[in-house]
Amino acid sequence: MGKKLLLEKAHVPGIRNYDVYRREGGYRAVEKALKTMSPDQVTEEVKKSGLRGRGGAGFPAGMKWSFLAKPEGVPRYLVCNADESEPGTFKDRYLMEFIPHLLVEGLIVASYALGSNRTFIYIRGEYAWIVDILEQAIAEAKNNGWLGKNILGSGFDCEIYVQRGAGAYICGEETALIESLEGKRGNPRIKPPFPAVKGLWDCPTVVNNVETIAAVVPIMNITGEEYAKIGVGKSTGTKLISACGNINKPGVYEIDMTISVEEFIYSEEYCGGIAQGKRLKACIPGGSSVPILPANLLLKTAKGENRMMNYESLSDGGFATGTMMGSGGFIVLDEDQCVVRHTLTLARFYRHESCGQCSPCREGTGWMEKILKNIEYGKGKKSDIDLLWDIQRKIEGNTICPLGDAAAWPVAAAIRHFRDEFEWHVQYPNAAQNRNYGLAHYADPLPVVAAPKA
Amino acid sequence: MAQFSAEKLAKVNEIIARYPQGKQKSALIPVLHIAQEEFGGWLSAETMDYVASILKIEPIEVYEVATFYSMYNLKPVGKYVFEVCQTGPCMLNGSDDIIEYIKSKLGIKVGETTADGLFTLKTVECLGACGYAPMMQIGKHYREHLTKQKVDAIIDECERNAVTNN
Amino acid sequence: MADQPKLFKVTIDNITIEVEAGTSILNAARMIGGDVAPPAMCYYSKLKGSGGKCRTCLVEVAAGSTADPRPMPKLVASCRTNVMDGMVVKNITSERVQDARKGVVELLLINHPLDCPICDQAGECHLQDLSYEHGAEGTRYEFPRRQFEKHNLGPYIQLHMTRCILCYRCVFTADQLTNKRVHGVLDRGDHAEIATYIEKALDNDFIGNVIDVCPVGALTDKTFRFKNRVWFLKPEDAHCSCSKCSGKVTLWRRGDEVFRVTGRKDQWGEVQDWICNECRFEKKKTSDWVIEGPTKVSRHSVISANHYVDTVKPHEALPEVMGGRNPRLLMDIHSISEVNKPEIDLSKIQGPAHSNDFKKSEKPKGQ
Ligand SMILES: Cc1cc2nc3c(=O)[nH]c(=O)nc-3n(C[C@H](O)[C@H](O)[C@H](O)COP(=O)(O)O)c2cc1C
Ligand code: SF4
Ligand code: SF4
Ligand code: FES
Ligand code: FES
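Residue numbers (numbering that gives the first Met the number 0), protein chains in the order written: chain E, 0 to 453; chain Y, 0 to 165; chain D, 0 to 366.
It should be emphasised that the hints constitute simulated quantities derived from the structure, not laboratory data.
Note that beta-carbon positions come from the ideal geometry of N, C-alpha and C, so glycine has one too.
You can trust all of the hints, since none of them are fake.
Stretch by stretch, here's where chain Y covers chain E in the computed footprint (C-beta under 8 Å, at least three residues):
#1 80-86
#2 120-130
#3 163-174
#4 177-188
#5 233-246
#6 342-349
When the alpha-carbon atoms are kept at most 16 Å apart in a straight line, the in silico EDC-like pairs for lysine to aspartate or glutamate are as follows:
#7 E:K183 - Y:E57
#8 Y:K24 - E:E178
#9 E:K183 - Y:E60
#10 E:K378 - D:E141
#11 E:K183 - D:D174
#12 D:K199 - Y:E60
#13 Y:K139 - E:D131
#14 Y:K10 - E:E134
#15 Y:K74 - D:D186
#16 Y:K22 - E:D201
#17 E:K381 - D:E141
#18 Y:K139 - E:E96
#19 D:K101 - E:D389
#20 D:K179 - Y:E57
#21 D:K179 - Y:D48
#22 Y:K24 - E:D201
#23 Y:K10 - E:D131
#24 D:K199 - Y:E57
#25 E:K183 - D:D186
#26 Y:K22 - E:E178
#27 E:K372 - D:E141
#28 D:K179 - Y:E60
#29 D:K73 - E:D404
#30 D:K5 - D:E17
#31 E:K380 - D:E141
#32 E:K372 - Y:D95
#33 E:K369 - D:E141
#34 Y:K22 - E:E181
#35 D:K199 - Y:E45
#36 D:K199 - Y:D48
#37 Y:K55 - E:E181
#38 Y:K24 - E:E181
#39 E:K248 - Y:E143
Assemble the whole structure, with the sequences as input and the hints as a guide.
Structure representation (structure tokens):
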């Protein structure tokens, strides 16, 4: 049984309510921080914990906090990123829905550390009912003296507000989120300046993911040092993984990053194996943006080692043979799934979600989708595959924000590892309409293939 | 021209008060949600102009925002809007079949509204329910683990509700 | 306040200059001039907040600064990246940059209509310039080009949305020059468009400047449209005394007739002084103006090919007019005079347009 720091109490009956949460030890972290520590000491503790941002990029949270500019007389803001729109990712929703006070508690501690008197939770518009859950938790916290003026006599004032988005994946990108919070279109800003210097209403701002903020609570409770002992290397603490696709037990799991990918997929504790007794074909382990891997490369690295569920191991081999931890959206494809079709849905997603500000992403995402559609529906040409490769290459790295990369990578990885499946679609357009290319040589029982040249 | 009730206006003012002085534009997205709920499930140009006047911004600033975000309807929609997710993880679990089924059952295409004005069918991109796929959103709520039987039941339920409440 | 501005040394394409701290790479490169200056389709020095969007000005930073000489992993937008002391930048000396720029140009063109022969901007279009300086041969895009609903922006300004590259310059112009912006960018992604949402005329005193800032033919002067092709006209500097603006303009005449009034542009294609609508749209008589002399035209413009034709109507063979240059964009169109029919929207035609397309009675169908 892996260690649980976030979801341990998530299913205690009534945990959504303040009284139960408090009885189970809730808000101790706020007491400890506000009564016994200075804001800088809290930041120091988070640094020691090695906690990495859980929103996708994995940037060390304590470091981010220490970069926040602190000019005299200028307010600072903490914004919690609950936009969660990366396909495959639904962990933040789970956390907020089942144990909302954990997020509220983490936000109070983090606001204290950063000196944010007005803290916002920016939540995707579709999670409308969760807004009610959060607002109730915030009201309860306030009624019990954890929010408002002079909290616990510390002299620290804080309010938390929930702001709903209105349907735009791009608002998960931190500067687009800030724009949206200012009542504008979700166009990412051109950096620099970075939010740490000029963020919300041009004031220094920290944006953190829901899970990152929630993890501050156990860090306070068990100390940063203890937190850092959980996990391996730079993958400290626990991580929420939302597993979906063709598995027996889709859902949100808390893992301590020492287990293998194989164990995660096949053990009863987690995914419970591939649905309907089928075989594993491929997996996107960190949300739709990260590279897809065929089963053989997923379970074992190119060096032949077991691949583990942590930042380092998942990215072992770079993009040639590895992938990324990303946001922890674990998407599993069984033997009867079509990689071309799946890639098409992702290309459509990114085309739909591009803000349209910069030319490579605005034009390139639509082009890729159209070509993939042709290939999927039996109208593709062999040269289309190379063209796709070339388009993604021209988007990647040349855009304002990482959505361009996020749109390019899934297409690149699909072609890199499943090129024969694309070619088969082109060669046998009729067959491709009726059946699936199948497992080919990348199925689980087979040995690892050599790393293809990048 | 329609106006917010006193109660909604109070809510709007409460939202504006969350931001520093002069940053009332920040309330735009939440206020548009309220406006859409209040004024028939969609945002007409008049509604948007009204929101602009409340927030003391130019109408174009409202149009720019309203057309950017996918949750705002700029045309009238049916009483029940079925927003079916079609992204990767849902597709892996059969969302394509669900969409086809709803289309044939309601006799409409994606983007259309039934003649009785009851149902609109839309396809949407990942709604963060991938583990409970296939799924759709109806109003404020998610319907998950969809099957054809479940879709039948949901449509029945909506039709019943439409008769009883107003 | 320091009395001496801090100077940074920066090396661009092996040429080193000293610039004030806070200067962007693009502006430093412009000080060097020539080919070292990256093309800029969205940045406009006179518009706050502009730049960063088109990605044509991407450059490689081979060394960040003397203090931290590491190269930057990604290409950066030179218009929005400031120089550091000891920075080493590669523009035309970087293959990566050339390759990326080619990609950006290709992407900018995939949905751009092939209607240069009927476009008012032909000859002074920055996209046209860009495409033959950096573009590839032919297009690999095999899909119908994007369509938009037509919008009427009133009596002065014509919008051709299909030509727009969403540089946002016109939005910044309206924000910064007028007190009430009525147009903006609506919708998102590849459907984003310049529009007013509900039909509204752009009629603010200074709104006409959007025509000058637009790098392509998306916003053009309705009072000039289809009167002529720019390269038949002779640009001259002129002024008048105007209570609203500086009154310093470029007059575009043939013989004694004023066809068009624009702001005076510098070598980077930017206007030197904003002009008011009255000067631009109303003063169409030579007697309204004091003529100063011929305008010097920038190296960037097709007009600099120097084929001013005052009296004889030229046959519009483009390579001749353009000093031997043969922009691919235009080559897709067959016989130019046949094509030159304003009522046909070439963007509705898939692929190259042939004269047959223009003889059909029914309009060709787009998607
Ligand atoms: C296109 C795009 C979408 C993103 N979506 C999210 C999101 O939904 N939730 C999130 O926490 N971070 C998202 N991010 C990452 C944020 O920009 C930011 O890095 C993160 O919120 C920082 O929080 P963390 O350091 O706690 O991870 C997204 C980034 C990009 C480029
Ligand atoms: S990369 Fe895409 S989403 Fe990001 S700013 Fe550019 S157009 Fe917008
Ligand atoms: S209309 Fe012209 S100026 Fe305005 S965004 Fe489009 S290309 Fe730029
Ligand atoms: S893919 Fe449908 S909810 Fe995520
Ligand atoms: S000019 Fe720099 S990105 Fe457009």
